[in-house]
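With chain W's structure known, arrange chain X on it following the hints.
As a plain string of letters, each chain reads:
There are 2 protein chains.
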Amino acid sequence: MTNVATLSDADTSVEDIVRKIAADAKAASHALGLVDGETRNAALQAGANAIRDSRPSILTANEKDMAFGRERGLSDAMLDRLLLVDDRIEAMAKGLENIAVLPDPLGRTIDERERPNGLKIARVSVPLGVIGIIYESRPNVTADAGALCLKSGNAAILRGGSESLHSSAAIAQCLKDGLRETGLPEGAIQPIPTRDRAAVGAMLRMSDLIDFIVPRGGRSLIERVMEESRIPVIAHLDGNCHVYLHADADRQMARDIVSNAKMRRTGICGAAESLVIDEAAASDLLPLIVDDLSAAGCEIRGDAAAQQSDARIVAASDDDWGAEYLDKIISVRVVEGPETAIDHINQYGSHHTDSIVTQDTAIAERFLANIDSAIVLHNASTQYADGGEFGMGAEIGIATGKLHARGPVGAEQLTSYKYVVRGDGQCRP
Amino acid sequence: MTNVATLSDADTSVEDIVRKIAADAKAASHALGLVDGETRNAALQAGANAIRDSRPSILTANEKDMAFGRERGLSDAMLDRLLLVDDRIEAMAKGLENIAVLPDPLGRTIDERERPNGLKIARVSVPLGVIGIIYESRPNVTADAGALCLKSGNAAILRGGSESLHSSAAIAQCLKDGLRETGLPEGAIQPIPTRDRAAVGAMLRMSDLIDFIVPRGGRSLIERVMEESRIPVIAHLDGNCHVYLHADADRQMARDIVSNAKMRRTGICGAAESLVIDEAAASDLLPLIVDDLSAAGCEIRGDAAAQQSDARIVAASDDDWGAEYLDKIISVRVVEGPETAIDHINQYGSHHTDSIVTQDTAIAERFLANIDSAIVLHNASTQYADGGEFGMGAEIGIATGKLHARGPVGAEQLTSYKYVVRGDGQCRP
Chain W
6 MTNVATLSDA DTSVEDIVRK IAADAKAASH ALGLVDGETR NAALQAGANA
56 IRDSRPSILT ANEKDMAFGR ERGLSDAMLD RLLLVDDRIE AMAKGLENIA
106 VLPDPLGRTI DERERPNGLK IARVSVPLGV IGIIYESRPN VTADAGALCL
156 KSGNAAILRG GSESLHSSAA IAQCLKDGLR ETGLPEGAIQ PIPTRDRAAV
206 GAMLRMSDLI DFIVPRGGRS LIERVMEESR IPVIAHLDGN CHVYLHADAD
256 RQMARDIVSN AKMRRTGICG AAESLVIDEA AASDLLPLIV DDLSAAGCEI
306 RGDAAAQQSD ARIVAASDDD WGAEYLDKII SVRVVEGPET AIDHINQYGS
356 HHTDSIVTQD TAIAERFLAN IDSAIVLHNA STQYADGGEF GMGAEIGIAT
406 GKLHARGPVG AEQLTSYKYV VRGDGQCRP
Chain X
6 MTNVATLSDA DTSVEDIVRK IAADAKAASH ALGLVDGETR NAALQAGANA
56 IRDSRPSILT ANEKDMAFGR ERGLSDAMLD RLLLVDDRIE AMAKGLENIA
106 VLPDPLGRTI DERERPNGLK IARVSVPLGV IGIIYESRPN VTADAGALCL
156 KSGNAAILRG GSESLHSSAA IAQCLKDGLR ETGLPEGAIQ PIPTRDRAAV
206 GAMLRMSDLI DFIVPRGGRS LIERVMEESR IPVIAHLDGN CHVYLHADAD
256 RQMARDIVSN AKMRRTGICG AAESLVIDEA AASDLLPLIV DDLSAAGCEI
306 RGDAAAQQSD ARIVAASDDD WGAEYLDKII SVRVVEGPET AIDHINQYGS
356 HHTDSIVTQD TAIAERFLAN IDSAIVLHNA STQYADGGEF GMGAEIGIAT
406 GKLHARGPVG AEQLTSYKYV VRGDGQCRP
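Protein chains in written order, with this note's numbering: chain W, 6 to 434; chain X, 6 to 434.
The shape of chain W in the complex, shown without the other chains (with noise of 0.2 Å):
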């Protein structure tokens, strides 16, 4: 970590760096504000055009970006991450054009009241302002995080990982354009123009100019910047996901759904981390779902009484309940019912998203009220625990935090909200 009492004079250079990004940022949000949703929409859909016509510059760059993630040894997983090709820009461009028909998420009217003395109160939406994000080795974050920053009038800082520096700036520069053409600001999509990690201790520490940071990779990198920020954080740090199989789950639905939330990709946060099962359902159930697990390569610890049912589970210890793998690896916990359940799931989880899988709907609604999560689902795969799924276009991150009150904080304000998803077996494919 760099500390400001002993920046060497390279690091002053940083700072400064990202000071004048972050107040081109601060003023072009001011701007960006005066603008209608029509304008922000044409500029993304510029954007898209951009990005399709630089295909060749794009695929330039990202070439660099490649032989110098070879030359560092990243994995073959990484590597993937950073490779664009023809479909991946296509995709970019598509996505670009996904956010831009979205209604317009400002200037809402949320709520609108008359007071008995003639004054007519209307809540209405507006921007974050400056918004950093600092992210991995992933050059369509870049397309992604900076086109949501633009559909809701907020400027983007871009951090990206080191080694996407080259395909990032080819990228940020198409949406720059697309800003030009349309007379925006070019301030407010902008990516940090150097490798050196000074930069994002930098971006941490400058509360003046930079509203919210919006961490996005491994969790080394968001308790970096969850302890070192001066700045709120939109992040979750962990996505320990819990599927629970209730007594009357239908065996069928719940064999797809744990497969699917377990096995679809392992290596993201809606992945399941953890298996709660009744006792009633773990003796016909659990075996046939070891079955499925091992054939896909999965590694299984559970409880004694999950060892019971089936001698493949390996024991458990008490770190499992609490860990996120993201990987071939599931815990299995066996419980009396629902209360149980509950318990566990509220005590060992990370409050990200979980599911139950039963017909009875009246055990479905408690779980789904009790279980203090982002998101909770019934009949459906934790893998949907993400913004495209839900409709919204694309998303910048999850958030497990709950703060969100602006202006009088009266009882409406002390609340939060959770996603409520009910389905009827829904399997990502």
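Hints are computed from structural coordinates only; laboratory data are not their basis.
You can take every hint at face value.
Below, computed lysine to aspartate or glutamate pairings styled on EDC-like, alpha-carbon distance capped at 20 Å: (1) X/K25 with X/E191; (2) X/K31 with W/D377; (3) W/K69 with W/D91; (4) X/K125 with W/D391; (5) W/K125 with X/D365; (6) W/K31 with X/E344; (7) X/K125 with W/E370; (8) X/K31 with X/D21; (9) W/K31 with X/D348; (10) X/K333 with X/D261; (11) W/K125 with X/D391; (12) X/K31 with W/E344; (13) W/K31 with X/D377.
Only some residues are given here: those of chain X computed to face chain W with a beta carbon under 10 Å: (14) L39; (15) R120; (16) P121; (17) N122; (18) L124; (19) G134; (20) P237; (21) N375; (22) E394.
All C-beta atoms, glycine included, are put in the ideal place defined by N, C-alpha and C.
Leaving out everything else, chain X in the frame of chain W:
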């Protein structure tokens, strides 16, 4: 400030007391999440009845506090805030009843959508959890804050100023009586039963049990809390509120609003601290306003142009533009027109509450859209910045932060809101 590393035995026991209270609050908050709005309202009504029934014991407790306050040499203003009399006790009971009849803020479906794949997604309001409220020696805050938390299904830990220890305990006991009568856990509303300042530090560190901190009081209290807290804080630091008089302001309305905004009560956060006036209006209007304010004993500090308009105006320094006087002082800035006024207010204001007076609707709309404050008003006094005046029954404080996102953060979650208030000259009586 008490530091964990230097805790004496006495401090350790304070830490233990606070931890026990916070653990009880956490357990109670889970139980509160399960009861319906009618039960929470019944508890509020029972609390109101208990306050009326306990008037003698509340008055006795308050006498002890008043004696202690006099011993400590509290100012007359502070003693007046501490004092309870029959009317003020009845007002607290009535306040609880007013909150009881408000709509239930929990379980509201904020948003609902069905996805093409058949998933029905609803956004539903839920409580925040455990809220720690830290305030000065104002016993009525115990009733207001406790009631708002109960209404919204949150457990409240109430740390009032040390001079109000007995009064707050007596009032909190009434709220607890209401909880017990209704079968709700008494841990839902708990005062901190010690004057030891270490209790505040202990609360601010207890991020595993307390979800939010709400400080109410002077700048030094709020600065300490913001600096020291490991828990998200809902608060505002400054209320540097402006009234902007546009050239087309109705002259009499302008005079009434400025007098009310500045002088109705000078010590509240919604009091105007600065007047911004078009040069086209300064020559005829400013002397009339100086007449009004001078007659009320207000000192007026202005820029050179303001001083030219009226010789009674003394010179303002640069520090005046950002000052929250909370006193009979106002700064005056003469501007060319709306653009300069908006820039000045966004630069020097504290993003709390600002008002424009004008008969020109287009100019008013520009001001309402472009001032980046939690509350913006047209033709009304800044002293309306108050939850009760907004029809919220009461408020636990006014927040000037913008963070409010939970779950997937799409474009809509990257927005906040402001209160846009349109009036026709109202002044708060």
